[in-house]
Amino acid sequence: MFLQDFLQLTIAGLAAGAIYALAAIGFVLLWQTSATINFAQGEFVTLPAFAVVFFSAVLGLPFPLAVLAALVVSAGLLGLAVKRLLIDRLLDRGVLAIVIATLALGLFIRYSLQQLWTPLALPFPDLFSRAPVRILGVAISTEDLGNLGAATLAILGLHLFLRRTRTGAAMQAVAQNRTLAATLGIDVSRMIAATFVLNAVLTGIAAVLIAPVYLVKYDIGIGLGIKAFYAAIIGGFNRTFGALAGGLVVGLAESYAGAYVSTQYRDAFSLGLLIAVLLWKPEGLLGLREDG
Amino acid sequence: MLAASRAGRASLWIALALLAGLPLVVPDYPLYLASLTLIYALAALGLNLTLGYAGQVSLAQGAFMGIGAYGLALFTAQGVPFLLALAGGAALAFACGLLLGYPALKVKHHSLAMVTMGFNIIAFLLMRNEEWLTGGSYGLSGIPRPRLGPVSFADDRAYYLLVLAVTASVAALAARMIHSPWGRGLRAIRENEVRAEVVGVNLRNYKLAAFAVGALLGGIAGGLFAPLLRYIDPHAFSLERSIQLLLMVVVGGLGRFSGPLIGAVVVTILPEILRMTQGLYLILFSGLIMLLVLFRPQGLIALGDLFRPASAEGRR
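Residue numbers (our numbering), protein chains in the order written: chain A, 1 to 292; chain B, 1 to 316.
Keep in mind the hints are simulated off the structure, nothing from the lab.
There's no promise every hint is true.
Which residues of chain A face chain B? A partial, calculated answer using Cβ under 8 Å [what the hints assert, rightly or not]:
#	residue
1	LEU105
2	ALA131
3	ALA139
Think about it this way: if two alpha-carbon atoms lie no more than 20 Å apart in a straight line, the pair counts; the simulated SDA-like pairs of lysine to any residue are [claimed, not checked]:
#	chain 1	residue 1	chain 2	residue 2
4	A	LYS217	A	TRP117
5	A	LYS217	B	HIS179
6	A	LYS217	B	LEU126
7	A	LYS217	A	LEU127
8	A	LYS217	B	ILE14
All C-beta atoms, glycine included, are put in the ideal place defined by N, C-alpha and C.
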């Protein structure tokens, strides 16, 4: 009985964690290439979820097309437009200016959705069957398994893109050393734009996976954004895939703490973990120590 | 002091006199807004010490207000006199500031914002969940307005004057601190940490003190807030409040002494003026902040500099 519960909690934690990881990896990529701490990352998940509902329920596109359209809108608005209109102008003004600007951007998106569309939760179609599958006699949620699988695929795709393509390699070069990358003839500004687009696609995928669980509401980004931050810090800001580990740790911590410790303090648990990591290894679990 | 010139000091006294005369001319609701603005200004002033002068991004000022407010409410419920309860709540906030400052100083700016944000979330959860102490989501009600000796501050007008007196005195003390050698050390850290350390500024102690004093001011503001509404609940001190206070500091002008006051006026009064736009106000406001960061990074206070002789530039 205990083992079965434990297994179910583990799968649920990993599934949630993999979705947090999608947002967290994008968050870390932005930080690495452009020193952007995106305080609107949660809303970068909310907006594509609303876009899917807009294209499917309002315009009546078939679901897969609606998802595709939402990803394109996300890449254009949250990727290119935000980079061109906001970040480009603030890049050399330091971290605080970008923090304030993205903080305001997040509020802007959240309030716009709430006021101009609806303050209520909108339904989102289930991607996977609600019936559990039985593995070795243990009932496992199909939704959790499906989310875990889909998120894993997305992360694998990202990994291949960063490792196997020229653009991916150039992006990593910019992430490691902007000045040196520019000297080598890499178009830094274009690579930063590519990172913003990539981030918007990642948060778009996270949106599609999380929306059936959370429903589509203007404020779902608050919790998600915070969890992406936690995941990024726990994993380490200077390691792209540290955020993956961080996301899984946050998802598992939440899942176990909610079941075994206290549902009321579920959120405090991953936070305690975060503070412990900061005190013990400020560069993050997988992060590399930076001097200066 | 606040402004070095004699003219500056004179205009300060005039402003204070005008504020003190406010209860004679304005009706109840605007007066309530004025009290609220002063309280937020005080909290933002504290945050400005942490953020504007010491350069530490803190998203926990709302929690410190909460600690001061709950501290005051719980102490007065035990029969502790108002001023002592106010000091007690503020001391609690100061202690929490020190406690938070310690791990916060080990991390760089990007993590610092998250740690303080996390602190605010934990504080909110404690206020909401520990019903035996804080009344949970229902909060605490029936918080009395104070009586000092023969003078009762139960009346809205009288309480406004008390808020004004406390805010002005604390602000004057803070101004004195900013212009002391200690304040110069703080600014040296913000401008260049390494250089400051080389000339003998102890980074750790300075940052820790900036954090704790900022928290203390937040605690005093919270202590004034509770009797104003006579009621407090956790939502008044959520992360949202901290973000609002942060925006006040930025809107007003980071690291400028009167910046937070301007910011508090804008953030508190503007929604009332834009009330007919209903919820659109929130969209307008967040859009405005983005424009401000893009085109007026020095905050609204810098608009005034346009009309000032060049020699005044850079005076803080």
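Do the hints match the structure? See the list:
1. At its closest, the beta carbon of A:LEU105 sits 6 Å from a beta carbon of chain B; the interface hint therefore holds under the 8 Å criterion.
2. The interface hint given for A:ALA131 is violated, since its Cβ lies 35 Å from the closest Cβ of chain B, which is over the 8 Å cut-off.
3. A hinted interface residue such as A:ALA139 counts as satisfied when its beta carbon comes closer than 8 Å to some beta carbon of chain B; here the least separation is about 32 Å, so the hint is violated.
4. In summary, the hint linking A:LYS217 to A:TRP117 is supported, as the alpha carbons are separated by about 10 Å, within the 20 Å threshold.
5. With a C-alpha separation of about 48 Å, the suggested pair A:LYS217 and B:HIS179 falls outside the 20 Å cut-off, and the hint is violated.
6. Of the pairs offered as hints, the one joining A:LYS217 and B:LEU126 is violated, with about 26 Å between alpha carbons and a cut-off of 20 Å exceeded.
7. For the hint linking A:LYS217 to A:LEU127, the alpha-carbon distance of about 18 Å falls within 20 Å, and the restraint holds.
8. Restraint check: the Cα-Cα separation between A:LYS217 and B:ILE14 comes to about 49 Å, which exceeds 20 Å; the hinted pair is violated.
Hints 2, 3, 5, 6 and 8 from the list above are not met by this structure, while the remaining hints are.
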